[in-house]
Every structure is written in structure tokens, then in C-alpha cells.
Amino acid sequence: YPEFEGKVVVMTGVSSGIGLEQTKAFLQAGAIVYGADIKESVEIKEVEQKFPTLSFQQVDIRKKKDIHMWTEKIKKELSTVDILLNTAGILDNYAPTLDTSEEQWDNIFNTNLKSMFLLTNEILPIMLKQKHGVIVNMASIAGLVAGGGGAAYTAAK
6 YPEFEGKVVV
16 MTGVSSGIGL
26 EQTKAFLQAG
36 AIVYGADIKE
46 SVEIKEVEQK
56 FPTLSFQQVD
66 IRKKKDIHMW
76 TEKIKKELST
86 VDILLNTAGI
96 LDNYAPTLDT
106 SEEQWDNIFN
116 TNLKSMFLLT
126 NEILPIMLKQ
136 KHGVIVNMAS
146 IAGLVAGGGG
156 AAYTAAK
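Per the working numbering, the sequence shown starts with residue 6, numbered consecutively.
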């Protein structure tokens, strides 16, 4: 995908799952990726060693202060962001509402939904100033079709 060559991508949830695979794909296409996750996995360390255009940062995206500190670092290093990809998400093991604590509910909503709002509010001014950019908020089929459990995850997606 030559259209991604040299593009700056800011993304969350890069240490595992879909986010890790998206990170690899963007890097293989020649993008510069600033990736965040609450934990650093063995896999993302390997990707970082293979691709010098990956800048990984451990960030608790549930916290506005942590997101702000990370985006300030990005702003100091770069003047542009082409793509924001809000991928981070956690599951609730298909727990029914009555088996979900308020703490679990808040954790899922803060990770899967509020983090998108917080990070978008940090990156959108850059995109507006440069008059271009793409924001992708990852969703799930669970947001459209609920199962027998997973109320928090379904509602957040």
C-alpha cells in the first residue's frame, strides 16, 4: 500500500490482537507509527526491533493525564498526524449485567469508549490545523448484535 508510505499513524491497543496486526501492516506499508498500550508485550518489542519507524509507549488510555503526556511527546517530535486509529478494547467475558460490577463496567467503558474521546480531542486540533487527517474508531459486531451476555462490552461498542 504505497499510499501509507511516510504517513504518520497514531494508534492504541498495539500490543496484541487486531491492534498488533494493524501496527505490523502499517509499518510494512512504510508508515511511521506511534503506538500505545497499557502493557508492553513480547510481540510489540519484536516489532519495534524490526521496524525503527515504530515508537511504542506504555500509556493508560483510560487516564486523560497519561494521554496528554503521550500526545505532547508526539507533538514535540512531529508536526503532522495523518491517521488516528483508536483500536484499544477489552472484553468482559460475556458477563451478564447482574454479574458485572460497577468497577468492571467503568473499566470497559473507559478503555473502549472514553479513551477514543480523550485521544481524539488531543489529535483532532492537529488535523484541523493541517487541514487533513483520518480518524478510525474501531467497533465490533457486538455493538449491533447482542448475545446472551457481555452487556458492558456490547454497550461500549
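Be aware that one or more of the hints could be misleading.
Below, in silico cross-link-like pairs of lysine to any residue (SDA-like), each with a Cα-Cα straight-line distance of 20 Å or less [as the list claims (entries may be wrong)]:
#, residue 1, residue 2
1, Lys70, Ala34
2, Lys44, Lys78
3, Lys55, Lys69
4, Lys78, Asn98
5, Lys55, Phe9
6, Lys119, Ile146
7, Lys134, Ile88
8, Lys80, Leu129
9, Lys70, Leu118
10, Lys162, Arg67
11, Lys69, Leu118
Quick list of the computed label-pair ranges, beta carbon to beta carbon [what the hints assert, rightly or not]:
#, residue 1, residue 2, range
12, Ile146, Glu107, 49 to 57 Å
13, Lys81, Leu103, 19 to 27 Å
14, Gln33, Phe122, 23 to 31 Å
15, Leu118, Pro7, 16 to 24 Å
FYI, nobody ran anything at the bench for these hints, they're computed from the structure.
As the structure is a prediction and not an experimental result, all values here were calculated from the model.
By construction, the Cβ of each residue, glycine as well, lies at the ideal position given by its N, Cα and C atoms.
Consistency of the hints with the structure:
{"no.": "1", "hint": "Lys70 <-> Ala34", "verdict": "violated, 32 Å"}
{"no.": "2", "hint": "Lys44 <-> Lys78", "verdict": "holds, 18 Å"}
{"no.": "3", "hint": "Lys55 <-> Lys69", "verdict": "violated, 31 Å"}
{"no.": "4", "hint": "Lys78 <-> Asn98", "verdict": "violated, 35 Å"}
{"no.": "5", "hint": "Lys55 <-> Phe9", "verdict": "holds, 18 Å"}
{"no.": "6", "hint": "Lys119 <-> Ile146", "verdict": "holds, 19 Å"}
{"no.": "7", "hint": "Lys134 <-> Ile88", "verdict": "holds, 14 Å"}
{"no.": "8", "hint": "Lys80 <-> Leu129", "verdict": "holds, 12 Å"}
{"no.": "9", "hint": "Lys70 <-> Leu118", "verdict": "holds, 16 Å"}
{"no.": "10", "hint": "Lys162 <-> Arg67", "verdict": "holds, 16 Å"}
{"no.": "11", "hint": "Lys69 <-> Leu118", "verdict": "holds, 13 Å"}
{"no.": "12", "hint": "Ile146 <-> Glu107: 49 to 57 Å", "verdict": "violated, 26 Å"}
{"no.": "13", "hint": "Lys81 <-> Leu103: 19 to 27 Å", "verdict": "violated, 47 Å"}
{"no.": "14", "hint": "Gln33 <-> Phe122: 23 to 31 Å", "verdict": "holds, 30 Å"}
{"no.": "15", "hint": "Leu118 <-> Pro7: 16 to 24 Å", "verdict": "violated, 34 Å"}
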